[in-house]
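Undergrad: Chains as they are written, first to last, in this note's numbering: chain A, 284 to 690; chain B, 284 to 690.
Any given hint might turn out to be false.
Stated by the list, open to error - Derived, one-sided and incomplete: chain B residues facing chain A with beta-carbon distance under 7 Å:
| no. | residue |
| --- | --- |
| 1 | P303 |
| 2 | K347 |
| 3 | E348 |
| 4 | P360 |
| 5 | G365 |
| 6 | S538 |
| 7 | D578 |
| 8 | G581 |
| 9 | S586 |
| 10 | G674 |
| 11 | P677 |
| 12 | G680 |
| 13 | K683 |
| 14 | K689 |
As the list claims (entries may be wrong) - Pair ranges (Cβ atoms, derived):
| no. | chain 1 | residue 1 | chain 2 | residue 2 | range |
| --- | --- | --- | --- | --- | --- |
| 15 | A | K567 | B | E568 | 25 to 31 Å |
| 16 | A | D434 | B | M503 | 46 to 52 Å |
| 17 | B | K347 | A | P656 | 50 to 56 Å |
| 18 | B | W633 | A | D434 | 50 to 56 Å |
| 19 | B | Y630 | A | A655 | 49 to 55 Å |
| 20 | A | K683 | B | R624 | 32 to 38 Å |
| 21 | A | K516 | B | K319 | 54 to 60 Å |
In case anyone wonders, no lab produced these hints; they're calculated from the structure. It should be emphasised that the depicted structure is a prediction, and the values quoted were computed from it without experimental measurement. Glycine is no exception: its CB is placed at the ideal position from the N, C-alpha and C atoms.
2 protein chains.
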Amino acid sequence: MAAKKQKLNGNMIIAQSGGPTVVINQSLVGAVLEAKKHKEIKKIYGSLHGLKGILEENLCDLGKESKANLELVAQTPSSALGSVRKKPTPEDCQKVFEVLRKYDIRYFFYIGGNDSAETTHIINEAAIAAGYEMKCFHICKTIDNDLRENDHTPGFGSAAKFVAQAFMGDNLDNRALPGVKINVIMGRHAGFLTAASALARQYPDDGPHLIYLPERPFSMEKFVADVQGVYQKLGRCVVAVSEGIADENGEAIASKFIKEVDSHGNVQLSGSGALGDLLAKEIKEKAQISRVRADTFGYLQRSFAGVASAVDQKEARAAGAAAVKFACGGEYANGSTAIKRAPGKKYMTWIERTELKNVAKETRHMPDEWIAPSGNDVTKAFIAYVAPIVGPLPKIGRLKVYKVAKK
Amino acid sequence: MAAKKQKLNGNMIIAQSGGPTVVINQSLVGAVLEAKKHKEIKKIYGSLHGLKGILEENLCDLGKESKANLELVAQTPSSALGSVRKKPTPEDCQKVFEVLRKYDIRYFFYIGGNDSAETTHIINEAAIAAGYEMKCFHICKTIDNDLRENDHTPGFGSAAKFVAQAFMGDNLDNRALPGVKINVIMGRHAGFLTAASALARQYPDDGPHLIYLPERPFSMEKFVADVQGVYQKLGRCVVAVSEGIADENGEAIASKFIKEVDSHGNVQLSGSGALGDLLAKEIKEKAQISRVRADTFGYLQRSFAGVASAVDQKEARAAGAAAVKFACGGEYANGSTAIKRAPGKKYMTWIERTELKNVAKETRHMPDEWIAPSGNDVTKAFIAYVAPIVGPLPKIGRLKVYKVAKK
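Model the full assembly from the supplied sequences, consistent with the hints where possible.
TA: What follows is the structure, encoded as structure tokens:
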């Protein structure tokens, strides 16, 4: 009789970290419902506000949640367990282990972006160093879509849908009352979300007419000239600008105006209208166009209730479930979930396990082939990439405008 | 044999004015489809960009539009004919008549707010003075919900739905990553839209926790104290602020920072993050709370694609159709459409004809009984008023959070 593989019996803990998304609870619920299928997983703990909840032993019993309530939570935006932006110090990690050991945690799941993958990696290393057997998995999430190894990340599709629908309406608003409209979109170093604004275009003259990404150096002179060019042609101009745009020296345009920095060393770019107002002022003064407006989409992009991509919801759920399957499969002691996609036109995705270090720290950026040579637009290849992730969008109607001859 | 009432034969023109809404094209299409039923209406012209289109003889033939295309346009946000913020001078009015007479216009419809009602009134007066028989009707519209005679106005319900869904998500975002979040909402003199943020509340501790309306003098000291109070109690605070908040002397808080003024003498309040940033700065400095963010919802509130109130869509359509019915009924030569509502719990509305002067110029404000005595919240009576106008909202799930005893 063949030796039966020994299963790792113990408790599980799961936490959410970083910026919330509209589908982050799908991953949570996906993981919890999958965990309930595995007998080696005893208690299913949730940590409130990420690692902070472990450090403070502020835990809840997710195993007691009803399926009906979990399903309602899954449909609800923003991290149901609460989130945190704290990066653990070596001392924090030591304390995390004391707690994990005390609660007999053998399955650790952390839903978040690259910072959270790094945190998971640190904890996994510490567990190994301590000779404590524990499965450590990171579950991919970020509206920025900047995780390596992933074709795209849970949360991005829904945020991109919000941005696209916002631009659809805003383009029509600008068409009705012409002028220059600048919209500032989230994305510190990666322009994916800003680029998704291009999905708003349904007619040849639809905006956004210009798209500025952090992947290309931003020149104020070129920006003013670009806007003037579109305005002269169409009598109006809608612009999508990433909050993370930086000059040729890599200095963020916004950083000259906003001082707050979080514990990861990131300048606060969201939750302020300063960048949009700055750009609008430049256009008013330099391009001498009087009606110039700026909106900063802000936190609505990641948390707006009622606008989710169905594909995104499904994939976020699958990522959560996959992490538990990988952990319980016995093949891997740790890793991260990565969304993979089949090449070709037919949209098909699946979740693979990848090494934590492949996702941690470094992020990915918009590849060159998705950015127009002009540096102020995206390519058709990007549209083909992003459209199925976002799914169907409202159809925009236009009057045919049968012109009446002047009398 | 009784004398048969003489019908006024001639052409019709319709135009859209002021800020776009998500349902303003419902009113346009409602009017056009109704006009097609009346034989006395010959040509159905649309004027591009409000009165500007008449002044420049920039007209289109709406009678040639297919019903299918009109239905698609009806579902589309923002003024399909284009809009304008220009208030006609007496010279403009003279020129308008020359054009109207030249095109044998006998039915004039103007979709807009109180400024547009005033414009319609001026044109009607000029028509009478010129001895030119013409039916002049204003069709109610404004997200601000500030038209007199109306229980509520087309456009408000959808904008309120957007605001409510935005706050639902933002409250959850703030709950996940606690701090102070300030959201600036459109509404120059009337707080209805800001007040609608209260619809986001589904649990007792849900935000918005504080609501500031232009109907109550805004004191920076009280604001800081209010926020501190909520923050001390809940560890977080979500605030809804109307862009039009003013101090005890009636000076707009924003006006100290924003200079641009439109041709109606209104200070530009939207399309800038200045007010939100100012308020956030005050809280950071005076309340010594570090995580403070501000978002200004901006134009998304009035034009976002894909979030419309079904009730609002239906009523906007009905208002457009009603204006044509009133004009063709023979009973009235002019007027405005007003949405009336039956008293009591059962939601039932209809469109009445009212005098142009009853809607023009002056606007209405939140009545006292809908504002909490504290001056920083709304009452249950307001919720009962606004909920059926907005219609169903997403249901928010929460974990039950079965706390685990500390070991």
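Undergrad: Each hint needs a verdict: does it hold in this structure or not?
TA: Each hint, compared with the structure:
1. For the restraint placing B:P303 at the interface with chain A, the shortest Cβ-Cβ distance is roughly 5 Å, inside the 7 Å limit, so the hint holds.
2. Interface restraint check for B:K347: the shortest CB-CB distance to chain A comes to about 4 Å, inside 7 Å, so the restraint holds.
3. Taking 7 Å as the C-beta cut-off, the interface hint given for B:E348 holds, the closest approach to chain A being about 6 Å.
4. Below 7 Å, beta-carbon pairs count as interface contacts, and B:P360 has one with chain A at about 5 Å; its hint therefore holds.
5. Hint on B:G365 holds. Least Cβ distance to chain A is approximately 5 Å, under the 7 Å limit.
6. Taking 7 Å as the C-beta cut-off, the interface hint given for B:S538 is violated, the closest approach to chain A being about 16 Å.
7. A hinted interface residue such as B:D578 counts as satisfied when its beta carbon comes closer than 7 Å to some beta carbon of chain A; here the least separation is about 4 Å, so the hint holds.
8. Taking 7 Å as the C-beta cut-off, the interface hint given for B:G581 holds, the closest approach to chain A being about 4 Å.
9. Taking 7 Å as the C-beta contact cut-off toward chain A, the hint placing B:S586 at the interface holds, the least distance being around 4 Å.
10. At a threshold of 7 Å, the smallest CB-CB gap from B:G674 to chain A is about 12 Å, leaving the interface hint violated.
11. Evaluation of the B:P677 hint against chain A yields a held restraint, the C-beta minimum of about 5 Å falling below 7 Å.
12. For B:G680, the interface hint holds, since its Cβ comes within 7 Å of a Cβ in chain A; the closest pair sits about 3 Å apart.
13. With its C-beta approaching chain A no nearer than about 6 Å, B:K683 sits inside the 7 Å limit, and its interface hint holds.
14. Because the closest C-beta pair between B:K689 and chain A is about 4 Å apart, less than 7 Å, the hint holds.
15. One distance hint, 25 to 31 Å for the beta-carbon pair A:K567 and B:E568, holds here, with the actual separation near 29 Å.
16. Range check, A:D434 to B:M503: Cβ separation about 49 Å, and the 46 to 52 Å hint holds.
17. For the pair B:K347 and A:P656, the beta carbons lie near 41 Å from each other, so the given range of 50 to 56 Å is not met.
18. At roughly 53 Å, the beta carbons of B:W633 and A:D434 sit within the given window of 50 to 56 Å.
19. For B:Y630 and A:A655, the hinted distance range of 49 to 55 Å is satisfied, since their beta carbons lie about 50 Å from each other.
20. Range check, A:K683 to B:R624: about 36 Å between beta-carbon atoms, so the 32 to 38 Å window is met.
21. One distance hint, 54 to 60 Å for the beta-carbon pair A:K516 and B:K319, is violated here, with the actual separation near 36 Å.
Hint check: violations occur at hints 6, 10, 17 and 21; the rest are consistent with the structure.
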